[in-house]
Amino acid sequence: GAGVSQSPSNKVTEKGKDVELRCDPISGHTALYWYRQRLGQGLEFLIYFQGNSAPDKSGLPSDRFSAERTGESVSTLTIQRTQQEDSAVYLCASSLDSNYGYTFGSGTRLTVV
Amino acid sequence: TQLLEQSPQFLSIQEGENLTVYCNSSSVFSSLQWYRQEPGEGPVLLVTVVTGGEVKKLKRLTFQFGDARKDSSLHITAAQPGDTGLYLCAGDDSSNTGKLIFGQGTTLQVKP
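Which chain is which? The protein sequence lines are G and Y, in order.
Residue numbers are given in this note's numbering: position 25 of the first sequence equals residue 25, and the series is strictly consecutive.
Just so we're on the same page, this note's numbering is the position in the second sequence counted from 1, plus 113.
Worth double-checking, as some hints may not be accurate.
As the list claims (entries may be wrong) - Facing chain G, a subset of chain Y residues (Cβ under 10 Å, in silico):
(1) Leu-132
(2) Tyr-148
(3) Thr-161
(4) Leu-201
(5) Gly-211
These are computed hints drawn from the structure, not numbers from a lab.
Note that the Cβ used here is the ideal one computed from N, Cα and C, for glycine as well.
One chain only, chain G, in its complex shape (with noise of 0.2 Å):
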């Protein structure tokens, strides 16, 4: 597609369920970022994938967390009993590669009552 895209934009669960949050990238776009934002604060990184690989997972805050690439496109953000402090917009990136500026898509606004 012509910008990266994510999905739902907006989500509101019950703490302990698991929430899916999904990310189209630019297609040709080999890295893909996650990042978390917190109300009015800067960007906390959570994962990073080149291609389907994850080599780096050192954001992911608890092992409630995981994500996953396939077909080096399509990623997903799982948070597993999702806690309060888990309320925030999460945002993905996709890159031609690690030498290259982000395109962010607008984000999923989390919000878990």
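Once you've looked at the hints, dock chain Y against the given chain G.
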């Protein structure tokens, strides 16, 4: 741990005024990027600077990379309400993965 500190955190000015946003670190970065983010949207890349001392201009925006590649500034001349947004600086970490470390951002409000 590489950190980027931005200042000021908040800035509210009148249309037509000039302003400067700073991005500082004790670490050296091989490149630094500036992004602008509007509410409900993802950040949009404004510029990438890679050479110490480099200056880049984008209309009324001037970006500078420090000689030692540890700091950067964004100067806006004659600010307009359309410049309102969250400005983020980001530096590549040392892992060669393209992973970026972001500053906390500067929220700019330009009043008409």
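### Given hint Y/Tyr-148 near chain G, where the shortest CB pair must fall under 10 Å
Holds. Min distance 8 Å.
#### Entry: Restraint check, 10 Å cut-off on beta carbons, for Y/Gly-211 near chain G
holds, 3 Å
### Task
Verify the interface restraint on Y/Leu-132: the C-beta must sit less than 10 Å from at least one C-beta of chain G.
Hint violated; Y/Leu-132 Cβ to chain G Cβ min 19 Å, cut 10 Å.
### Task
Using Cβ atoms only, decide whether Y/Leu-201 comes closer than 10 Å to chain G, and label the hint accordingly.
At 6 Å from the nearest chain G Cβ, Y/Leu-201 passes the 10 Å test, so the hint holds.
### Message
Less than 10 Å between beta-carbons is the criterion; does Y/Thr-161 satisfy it with respect to chain G?
### Response
Holds, because the Cβ-Cβ distance from Y/Thr-161 to chain G comes to roughly 5 Å (cut-off 10 Å).
The structure is inconsistent with hint 1 alone, although it conforms to all the rest.
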